[in-house]
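*Asks:* Protein chains in written order, with this note's numbering: chain A, 1 to 90; chain B, 1 to 374; chain C, 1 to 338.
Calculated directly from the structure, the hints in this document are not laboratory data.
Since the model is a prediction, treat every value here as computed from it, not as a measurement.
We put the CB at the ideal spot given by N, CA and C, even for glycine.
All the given hints hold, so there is nothing to weed out.
Taking lysine to aspartate or glutamate pairs in the EDC-like style, the calculated list, with each CA pair at most 16 Å apart, reads:
1. B:114 to B:88
2. B:308 to B:91
3. C:141 to C:62
4. B:108 to B:119
5. B:114 to C:332
6. B:2 to A:65
7. B:108 to B:347
8. B:308 to B:140
9. B:2 to A:23
10. B:108 to B:318
11. B:114 to B:91
12. B:242 to B:19
13. B:2 to C:260
14. B:2 to A:64
15. C:141 to C:100
16. C:132 to C:101
17. B:2 to A:62
18. B:2 to C:253
19. B:108 to B:88
20. C:15 to C:3
21. C:132 to C:100
Chain B side only, calculated, beta carbon under 10 Å to chain A, not exhaustive:
22. 4
23. 14
24. 18
25. 128
26. 154
27. 205
28. 227
29. 232
30. 238
31. 256
These stretches of chain A come out as covered by chain B in the derived footprint (C-beta under 8 Å, 3 or more residues):
32. 24 to 35
33. 57 to 67
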Amino acid sequence: MCLGIPGQIVAILDAESAIATVEVGGVRRPVNVSFVMDDGPIETCIGAWVLVHVGFAMARIDAEEAARTLAVLAELEEFQAEMQSMVQTP
Amino acid sequence: MKFVDEFRDPAKAQALVEDIRRVLSRIPSSRRRPLQVMEVCGGHTHTIFRYGIQRMLPDEDLEYVHGPGCPVCVLPMGRVDDCVALAERPEVIFSTFGDAMRVPGSRKSLLQAKADGADVRMVYSPLDALALARRHPDREVIFFGLGFETTMPSTAMTLIQARRQGLRNFSLFCNHITIIPTLRALLDAPDLRLDALVGPGHVSMIIGTSPYDFIARDYGRPVAIAGFEPLDLLHATWMVLKQLAEGRCEIENQYGRVVPPDGNPRALAAIDEVFEPREHFEWRGLGSIAQSGVRIRPAYAAYDAERKFAVPNVAIADPSACQCGEVLKGLIRPHQCRVFGTACTPETPLGALMVSSEGACAAQYGYGRQAAHA
Amino acid sequence: MRDATITLSHGGGGKAMRALIEELFVPAFGGDAAEDQARLSLEELVWQGDRLAFTTDSFVVDPLFFPGGDIGGLAVAGTVNDLVVGGARPLYLSCGMVLEEGLPVATLRRVADSMRHMAATANVSIVTGDTKVVERGAADKLFINTAGIGIIPAGIALSAGNALPGDAVIVSGPLGEHGVAILVARNQLAIEADVASDCQPLGGLVTALLAACPATRCLRDATRGGVATVLNEFARASGVGIHISERSLPIREPVRGACEILGLDPLYLANEGKLVAVVPGPEAERALTAMRSHPSGADAAIVGRVVCEPAGMVIMESVFGGERIVDMLVGDQLPRIC
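Take the sequences, apply the hints, and build the full model.
*Replies:* Next up, the structure:
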């Protein structure tokens, strides 16, 4: 069961049960955040991007890693574009 | 949508497809073509078909094999019968994910049981089932837990909360399965032909990357753990092909933005508190696999539907015409099964892989069958 | 009429039922309830066209009231739309109701008012009806059936079988709004979203389209089963292929977000105020402009083309570049976690 979707924690609903409101593309849902909390107070989660699956936040999304992955692919795009232009120049 | 749209960029897709062709030409021709790249996740099967990824790649050189990664598809008919038996008890509210509603048992599916009067309710989260138990103290609420390690922590946390709240009318019918014994059984199959593996991204966010080390070390297959957007799939495919071209054999993590190398300790702790391995578990299409399922620990016995209620517990064999096992191992493609599209269709499924929309046969039938004609 | 809730006597044919009709339905729908049938002048119909359009639909939506509409508005707009997509001018509706014992009269009044309002907007009259009351549990609050008649002017020959290769496919606005609004209103999936049903009568939009593009080939409103179902119906009836582009589909962000969380495909979600039109290729821009100038079609978009192959099938090019079949639905779409 793999359907997980990135969403942002926007508010805490119930600190004792570790329930926060997560927003996914303009839609809000209560989500259990116990698996992504650190040892600090639950409020520090607000603003974090998380992977949501069956009503639980299962992992924090690392924006820098995401950027790095996209950068690798952007480099490939450039490399391919250069190859194309090399092929075309006589 | 952030972290989604960027990973559906068609320009990057084109660049990857071009480079995949280049890399393919560098893989020794001594390797039999088409190369077979297996994914073991219903979500990956879905992405491949929904975005037409196989058709973007040269299929005489590279073919995706859709392994047993759909927990719904591999649910034995006997277990569905057990679900129906539980649901038909008048005191029970049987709650389940949508995916499981249509799987046929030997008599009926849960959807049919609902039509016949059983109180079957679809939920998005096990916590919704827990809420049902709180709202209906006079009824027994059973939650049908299925899925790999991705979903186990959520079910586990729900039981932990049930105990904390002192609920007496909530239990779990546990059908969770584990990925590593399953992969090992697959790799041990003598007729399996597999060049590389695209690893299950969301299972890995729980268990981390090191549990897959044995695949490279003992079975010599390269692995790239992949996310679920189409660019993630293509990127991971590119990564394992590069490993083959460069003679490397490693476990790589394409999904670094979500998968930490050590997984999620809190989630693993919740799993460990509530579940323990079963000696073996029955998989539709693959038979019995050792250590491939989990059951509820004695400490949580009060929340175990199998202990609380009697279930028929009868093993039902697949129809003899089924060739699901061969499809799962990559020996034949869905449209090569003798009953694909004829006796076995999404409306009248015979076997596991036609039953859920993530099953390889259902996906090919629904999304891609014209490719078989082309 | 002083009763606060509907009882079996309101369906019994006696005084209670008479009071219900005279004090609730007649004020809402107009006309009088003296005869058992509505009587409509044929002369008045015949000068407007050469065919009678006749349709019926039943409405069982739960909950009765949801953001953007209610069962009453749906019951009128839904049947009106089934008439106008045949090119008909909608005229008269019947309204049959099955009420569950215990339904609050205030609820029924609200529904009837809503029907009156929607009928006025659509410029139709509700001219006849029937009411039955069943025991508690035998119906879910309220079921409505509406049948409608309209007149099709001579020369209009819209049909699902008319599509030809080279034609353009247009949708009149954002998809999936009604489907998501209902899911949210049912409140079983704990989702909060700023989505309202698109329930509306489409007669004005159809008139604008046909005026600008009389050669419109096919026209249907996309209801249950979504746009995907209509496209498949066109492809099969016409023996053609339809090729659409995912990128061109108008879908609002909250509908997209709800679909991503629940694993639903917006192409299959219900709409209650959207058209799918097939027009000759060279006229696509003119048809689009005409639709966009009408308030019900402000976000209309060309989403694809009719092709020869594969006949009877709908193919979509994904935002990613690959292609897949958009098949007919098997059963209801259910949220998935896999």
